[in-house]
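K.L.:
So you can see what is in the structure, the chains are spelled out below.
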Amino acid sequence: MQTHWFYTVWPFIGIGGAIVMVAILLMTDTFRDNTTVSRWRDPVWLAWLAVPLYWIHQFEEYSLPVLGFDYSIQEMICKKLGFPPYPDCPIPLSFYPVVNIALMWFGAPLAAYLCRRNVLTGLSFWGLLLANGLLHTAGGVAAGAYNTGLWSSVFLFVPLSLWVLYACTIRGPYSGKVVGTAFGAGAVTHVLLFVVYGLYKSEVIGNAGLLFLAALTGFAPIILAAIASRFFKPETLRPVPVHQATA
Amino acid sequence: MDKSWTEVAIVFFPWIGGGAAIVFLFLLFGTRFLQSEPGSSRWHDRVWLAWLATALYLLHNVEEYGIDVFGRMTQFPAEICSVLKLPAYPDCPIPAAYFLAVNIPLIWVVAPIAALLSRRHPLVGLTFYGVIFVNLFFHIMPLLAGTGFGPGTLTAIVLFIPVSAWIIHACFGADRLSYKALALVFFNGVLFHIILTGPLMLFINGKIGSAALVASQLANAALFLLIPWLGEKWRGGVLVRPVT
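Order-wise, the sequence lines are chains U and R.
Residue 154 in the numbering used here sits at position 154 of the first sequence, with consecutive numbering throughout.
Residue 1041 in the numbering used here sits at position 41 of the second sequence, with consecutive numbering throughout.
Keep in mind that the hints were calculated from the coordinates and are not lab data.
Each statement offered as a hint is correct.
Short derived list, chain R residues pointing at chain U, Cβ under 7 Å:
| no. | residue |
| --- | --- |
| 1 | Phe1012 |
| 2 | Trp1015 |
| 3 | Ile1016 |
| 4 | Ile1022 |
| 5 | Val1023 |
For clarity, every value in this text was computed on a predicted model and none was experimentally measured.
Each residue gets a CB set at the ideal place from its N, CA and C atoms; glycine is no exception.
Start from the sequences and build out the full structure, keeping to the hints where you can.
P.N.:
This is the structure:
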């Protein structure tokens, strides 16, 4: 199957960024908001952590066929939607980098940057990680077989999403409503992605509409979180030192 | 025909480096994290400049081994085979492992180590510019000779020329490191390129095998870091004392 060169290289760009980001996150204080508590309890640091984790996940999802393994998430999506395999599948191959790059190269870093002002926005992508991780895990259990993205879901997304919930709200200073709404914004984004697939399958939108909505979906967690933030008092959304709040 | 892992890796390693370069460039220009003194100009900060060299060379790798100005992928190895009058790939005898052994130890390992050491070891921190100075020459000369743009020429012109001129201006001279220190940086870059090409010629002429060729490049990267470190100790550190 002939594809544009960028469709095969973009997950490798992401994994390169992830290597540097993970090293900096774990070995320096650059992305921390509060150095008086563990980085694992700092919501700003946790918001940034979501970014390279998803780059690793994208690498697992999209690099395998390029590396010679017989797994293709594009083929899996076409099959699930009832389309024939490529080259006859109508979903343009540009859709996959557009939605993934919008989400995790632009949306997620922007959300993490905004976390210093608004925890609800900052943690919103963790809802996407949890929803995505549970879907991959459930799919793997149901089929009793590997699916592309399963390992990063099982070992990174699900346990670390649960840790974020634990560290931020169960044993942290933020209300369950704030963190739950943040996770909800990410989870709803995943649902929106399925809605976009449904609209395309039912021919309500064409290729241009699919690509436009794919790019828009990348910012859906932030947009949803911004709307939801209006229902909370601003002081409940700001990062606070854990030791003060739990003292 | 199934490809070996090195033949797959040579297609994708520049993109991994390119992704790393994007993050480095954000940190370099969007934060003070990679500076030794956050309040001072980053363009006079040797630690920041050492990290800049890493990021720029990773971008240069994208043009050499990723995609060049003509849209050709992984063109640099093909260019080397052409220059050496060897058959084109897949018949060119130079293994993909050679190019990986040249680039990955040097740019992914030695360059970040040099940058990390640059706070206390100024010559080690700047040593990667030696590769940039010499590499620039190899990319510009064919252009001046009329053979046109090769893979890597664009980044050599747009990135390496201005930054090389700046490094010489900002880091060497009065109140800065001596020109002898600059000569050592340049010599180190020349020596690296000699060891880069010497074993390759031996390999092409059947004097050594591919394992020795690859091993020579691993040793080359280690030597490249060792020389400026020894240079800093030479005659009680005369090379790293600011010129008065």
